[in-house]
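Position chain B relative to chain A; hints supplied.
Top line first, the protein sequences correspond to chains A and B. Residues 1 to 388 in our numbering are what the first sequence spells out, letter by letter. Residues 1001 to 1388 in our numbering are what the second sequence spells out, letter by letter.
The set of hints was computed from the structure by calculation and includes no laboratory data. What you were told as hints is all true, and nothing was included just to trick you.
Derived list of chain A stretches under chain B, where covered just means 3 residues or more per stretch with a C-beta under 8 Å from a C-beta of chain B: (1) 15 to 25; (2) 56 to 66; (3) 196 to 207; (4) 241 to 251.
Treat the numbers as computed from the prediction; the structure is a model and nothing was measured. Ideal Cβ placement from N, Cα and C applies to all residues, glycine included.
Number of protein chains: 2
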Amino acid sequence: MSAASIKQRLLTPGPTAVPDAVLREMALPIIHHRTAEFKAVFKRVSDALQRLYRTSGPVLTIAGSGTTAFEAAQVSLVRPGSKVLTIAGGKFGERWQDIYDQYAPYLNIEQIRINVPWGEAVDPAAVEHALRQNPGISVVTLVHSETSTATASDVRAVAELTRASDALLLVDGATSGGAMPGEMDAWGIDVLVTGSQKALMLPPGLGFVGLGERAIERLSQVKAGPCYNLDLRRWLKSWKDGDVPFTPPVSLIRGQAVALKMIEDEGLDNVWSRVRTLADASRAAFEAMGLTLISKSPSDSVSGAYYPEGVDDTAFRKALRENHGIHITGGQDGRGAKWKGRIFRISHMGYVDAQDTLAGLSAIEAELRHAGVAIEPGIAEATARALL
Amino acid sequence: MSAASIKQRLLTPGPTAVPDAVLREMALPIIHHRTAEFKAVFKRVSDALQRLYRTSGPVLTIAGSGTTAFEAAQVSLVRPGSKVLTIAGGKFGERWQDIYDQYAPYLNIEQIRINVPWGEAVDPAAVEHALRQNPGISVVTLVHSETSTATASDVRAVAELTRASDALLLVDGATSGGAMPGEMDAWGIDVLVTGSQKALMLPPGLGFVGLGERAIERLSQVKAGPCYNLDLRRWLKSWKDGDVPFTPPVSLIRGQAVALKMIEDEGLDNVWSRVRTLADASRAAFEAMGLTLISKSPSDSVSGAYYPEGVDDTAFRKALRENHGIHITGGQDGRGAKWKGRIFRISHMGYVDAQDTLAGLSAIEAELRHAGVAIEPGIAEATARALL
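Only chain A is shown next, with the shape it has when bound in the complex:
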């Protein structure tokens, strides 16, 4: 078949595929942000985000990437002169450590780090120990679904510990929000951050910050730090007026309203269940092909496996793209591991269904076999289908 006939399927863990209805909404003529029309859209988005987060508190919509939004939470909520406890086991957890390193000399912060091996989740007992050994921790950072390692943490257990202390729990939910079970209020998460380009089915460009009661109280206690755009006090104040402090990405926010409506039409519990099923089927297919998973505590939203001996990452992913239109992601290097060229990852979150996943797994099997890996033909597809 000619290359021109191949449809492109994005199975990367962000950006993910964007539904046609969302793309069309974003293509509508631009409206001004200081209008009743835009305010109505913004309210629909804010209300839907509260339901998605399972919170009665504010969820702020910030222009930028997920990193922008998480950094805003980090700098706005830390108490100057305090300690922070940062938990990392992958690229993103390490990034939040880097960010506090950057602010540490200015805010007189001492950083207590828990670094777990990549692919493992933190043991809540280690968090409990660190909280007990280090009085004066004002913030704990935790990644719910660590995209780089396809690993899920037990946010609920950690939140139980932080709730009993003065420390606020900042959860990076970039690839868990809207993909995996998460209950901001019921679990007692103080701050939950997601991005638009993952499970929320939008192009990149928006970050979302949910604030619990304790976080709002902290904002009123702590003086604004060395930041302006990223100062959450400013965003919270505007949010209360149904507004944003700076010109917002109008077209993205309109698209987000449509994408959130699609999630609600499907039902959030159904979305979670779909993502879980696609993940289970994919991991079973990986193991049926003899691959080793990269995570001992797999996340639902993304799955990863080590390459078998002799498979070249660049050539493999190029063949997936060119021969099958399947886009997946490789590995990343960080302080805890060097995974570039050693692993691959596929996403289950956002606008992806059983057929997309089967197409991805079937293509992966075909190209692994083409690279010389001994796999029984059809085993990936058959194993996955039995679970879908």
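Below, chain B alone, put in the same frame as chain A:
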């Protein structure tokens, strides 16, 4: 005529109207940012931005608003322990002062302010005096086109002064870049910042930072401050690899490539001339209607006038929208003036032509007359047309 038949025309100074071709480009299926396809788009945008800025240096593309981009320049380039000279005569100039206020205690900055009355441009002699009186100024901030007051500054004259000193000149070109003559290299501007939603004909969501040689040198001399996302060193390093450090707003960047191509097809000098002509015609029409301009040094990209006695801002702009589909902007309050309810502004930049401008002026005349202002019927349209 029924309200449903009215077409909407955005004559607001940001967001401005977005061309259909740009909207359609943004509605194409999403692509991943770590692909040759996206890198090619990003290079087209980066190259076109250099031509737009008239610079051979890098122009960085940052997710967020114009404020995000300007704050990044402010925090990344200031020397800790130095002085900054901030020139303000409107809402945006005051914002850059607020931002340095926020960082001052952390970076040990002393802020020297030149505050001119709203609607006036700074006298370069005052800048020269301030630079001479205050040794150790490491950064000067200046707004080229102050949107809130429709006022243009003599950037070229100020750049001549800063070039002769150790101070870097940070120019807010949010509503001048792509609208008014500006020559980054020839004038010796060290940093030039614009936003996507003004003359660049895109929805909001991107900020652009051009860096001159002295700015790049400063980045290598000064240690990164209390910032991560906003640290320009990180963006510059990625830019050199044809990349961005964080997941970029892919769809906006694709749209920007198309919008920049449209500007080049028209010819940048022709764009500048068109904007200037629309501004001249609008100001002549304002004066023919007996209105007083808000600026003594008018910017080409936006024009403003005081309301005559008895015209209610809210009712007037509502009537423009509902009866004519014409969207304009009111005034803002700041430290230097309270202009909310006292003035209105219309934009000449971006995707706007003679017919749009005539429609706006004609509607403004009709609604002013409706509000009881004595104006000779047709004078606005006739005056403007004679100049177009």
